[in-house]
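Each chain is listed here by its residues.
Number of protein chains: 2
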Amino acid sequence: MTDLPMIEAAAARARGVVRETPLLSSPFLDAIAGRPVYAKAEVLQHTGSFKFRGGWSAVSALDPATRARGVLAFSSGNHAQGVAHAAQLHGVPAIIIMPRDAPALKIENTRALGAEVVLYDRAGGENREEIGARLQAERGMTLIKPFDEPQVIAGQGTCGLEIAAQAAALGITSGTVLTCCGGGGLTSGIALALEAHAPGFTVRPVEPQGFDDTARSLAAGTRTGHGAPEVGLCDAILTPMPGAITFPIMSRLCGPGIVVTELEVKEAMRLAAVRLKLVVEPGGAVALAAALFHGRDLADGPVIATLSGGNADPEVYAGILAGG
Amino acid sequence: MTDLPMIEAAAARARGVVRETPLLSSPFLDAIAGRPVYAKAEVLQHTGSFKFRGGWSAVSALDPATRARGVLAFSSGNHAQGVAHAAQLHGVPAIIIMPRDAPALKIENTRALGAEVVLYDRAGGENREEIGARLQAERGMTLIKPFDEPQVIAGQGTCGLEIAAQAAALGITSGTVLTCCGGGGLTSGIALALEAHAPGFTVRPVEPQGFDDTARSLAAGTRTGHGAPEVGLCDAILTPMPGAITFPIMSRLCGPGIVVTELEVKEAMRLAAVRLKLVVEPGGAVALAAALFHGRDLADGPVIATLSGGNADPEVYAGILAGG
Numbered sequence: 001m002t003d004l005p006m007i008e009a010a011a012a013r014a015r016g017v018v019r020e021t022p023l024l025s026s027p028f029l030d031a032i033a034g035r036p037v038y039a040k041a042e043v044l045q046h047t048g049s050f051k052f053r054g055g056w057s058a059v060s061a062l063d064p065a066t067r068a069r070g071v072l073a074f075s076s077g078n079h080a081q082g083v084a085h086a087a088q089l090h091g092v093p094a095i096i097i098m099p100r101d102a103p104a105l106k107i108e109n110t111r112a113l114g115a116e117v118v119l120y121d122r123a124g125g126e127n128r129e130e131i132g133a134r135l136q137a138e139r140g141m142t143l144i145k146p147f148d149e150p151q152v153i154a155g156q157g158t159c160g161l162e163i164a165a166q167a168a169a170l171g172i173t174s175g176t177v178l179t180c181c182g183g184g185g186l187t188s189g190i191a192l193a194l195e196a197h198a199p200g201f202t203v204r205p206v207e208p209q210g211f212d213d214t215a216r217s218l219a220a221g222t223r224t225g226h227g228a229p230e231v232g233l234c235d236a237i238l239t240p241m242p243g244a245i246t247f248p249i250m251s252r253l254c255g256p257g258i259v260v261t262e263l264e265v266k267e268a269m270r271l272a273a274v275r276l277k278l279v280v281e282p283g284g285a286v287a288l289a290a291a292l293f294h295g296r297d298l299a300d301g302p303v304i305a306t307l308s309g310g311n312a313d314p315e316v317y318a319g320i321l322a323g324g
Numbered sequence: 001m002t003d004l005p006m007i008e009a010a011a012a013r014a015r016g017v018v019r020e021t022p023l024l025s026s027p028f029l030d031a032i033a034g035r036p037v038y039a040k041a042e043v044l045q046h047t048g049s050f051k052f053r054g055g056w057s058a059v060s061a062l063d064p065a066t067r068a069r070g071v072l073a074f075s076s077g078n079h080a081q082g083v084a085h086a087a088q089l090h091g092v093p094a095i096i097i098m099p100r101d102a103p104a105l106k107i108e109n110t111r112a113l114g115a116e117v118v119l120y121d122r123a124g125g126e127n128r129e130e131i132g133a134r135l136q137a138e139r140g141m142t143l144i145k146p147f148d149e150p151q152v153i154a155g156q157g158t159c160g161l162e163i164a165a166q167a168a169a170l171g172i173t174s175g176t177v178l179t180c181c182g183g184g185g186l187t188s189g190i191a192l193a194l195e196a197h198a199p200g201f202t203v204r205p206v207e208p209q210g211f212d213d214t215a216r217s218l219a220a221g222t223r224t225g226h227g228a229p230e231v232g233l234c235d236a237i238l239t240p241m242p243g244a245i246t247f248p249i250m251s252r253l254c255g256p257g258i259v260v261t262e263l264e265v266k267e268a269m270r271l272a273a274v275r276l277k278l279v280v281e282p283g284g285a286v287a288l289a290a291a292l293f294h295g296r297d298l299a300d301g302p303v304i305a306t307l308s309g310g311n312a313d314p315e316v317y318a319g320i321l322a323g324g
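Sequences listed follow chains A and B, in order. Quick note on full-length UniProt numbering: the first sequence kicks off at 1 and runs consecutively. Quick note on full-length UniProt numbering: the second sequence kicks off at 1 and runs consecutively.
Isolated chain A (complex conformation) (with noise of 0.2 Å):
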């Protein structure tokens, strides 16, 4: 089970590798949110989202010879392309999983990372994890989960001691953290690491309407899925229901779960682009869409949202920031 101490050593595994990503912030943000927003960047980290902390705490986790067989994962494409460059950058091969409909940037992407990557039909009922587990017996691999896997979890929680170091830096002790939502890793390493580092800030979880697994397991205290197919706007965070790990650490340390809409999402996509020069994608949006317009829903004081990717498709991104 993922704690401080894993996530300290993830952190020290990391140096000189991991960005640190900036706090940023405009004057234009806070005065639609009516409080101060920061941002935390991470579309600015290698391979352009969160994923790559995860991916990199996972595989220098490996003892070398289990390394040296190489790293297995499944992913639409951010844990994909983490897994791959982490994998690259130790000079071990990767096979990545990816369902035949994922964005083609992150598909591309992955594949120019030096992974081989096999795909899947998702609406055929293909199950992933059966594929995985065969490919993992065939070659001896290492299958590094994209969210329910301690090291990950760890790597994800880097994030949170940034933050914590960021939001002391610019004297801020107390406020709300609002994460990007899928499967939960980013918001249970984030929580644990604030919880020890930054207890001031409540951690609250974000997620797209119709896809609110993670609030709707808060509510009931036990993990419950959104009942819907995995494809929609906001591709990087659609999973089925939080983790059998993510899930008790959320549910003993985060507040309720966000809902945004996906004209939420869209706008807060133009204003980050607008205001922050960042290219953020939909399912990267959702938090700071929380922060600007679901004011009601927060308690006062400041608000830190992650801006958990930037893999958007040129053209869908293209036709949003026209106003699609």
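Repeated chains share a single entry, so a pair holds when one copy, or any two copies, can fit it.
Only pairs whose alpha carbons sit at most 20 Å apart, straight line, appear in this in silico SDA-like list of lysine to any residue: (1) LYS266 with PRO314; (2) LYS266 with GLY295; (3) LYS266 with ASP30; (4) LYS266 with HIS294; (5) LYS266 with ALA322; (6) LYS266 with GLY319.
Simulated from the structure, these hints should not be mistaken for laboratory data.
Dock chain B against the given chain A, drawing on the hints supplied.
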């Protein structure tokens, strides 16, 4: 005349106010350029461009009684916002004289940052210097010139101090620094800082085709105008001629100028979005365009390119991302 102690004093005044912007990279950009490429992300500076460095330096250098009477600037947009925000943070008035055809976003932002905006008709032959001089005399405000002003150059030089330190941290002590060049404030400031702190680097100004007054001036050994009207895609850097103060510095310290096409600029903007997750305006992308597409004009070794500004009008930007 700007010198290293002035730049270091500007850096001391900037501490805790001006952002240290990150030096970012992508293996995909390295592959295109065939060499390591680093982007100095000044789009993440307050107000979305490096101009806040010069604005803050100049306003903070005024004696308090003078500063209290307010400041005045003429600018097509980024200097306007830099000075407006610096005045706002000091709690003193600012009047900004802007061309009526400047990008709407830059005019709106300047007003939103608390400045009074006076628009003039660039095509109609109005002389912005005369308007500035009249307002200066009437109101006793201090004119902050956009580039030909020692304290502004000193402020832009703080970007060079950061480049020197960040390159050294990466173990890079020689190579080429490409700057987006209008009047030469950023270029000359960076060149002075690197002369002292990273003498292994050659600074080379980059301009858009048709507006290559600095390249021509460096080649001729004397200040030479580009002769074109100040209207074009790269609105931020269409200044007619290098400055009387900036040119001797560039002439002494900088390598030959490089000229890029509008197509190269647009492709650099798209790649900055996809690979660095940064929104860059046309005038802020010329140096990256040179890094990616003008390898034949560059000495071997790594390249550091300034991404000078990100204040593109959203509709224009969306059109370029969509391939326009």
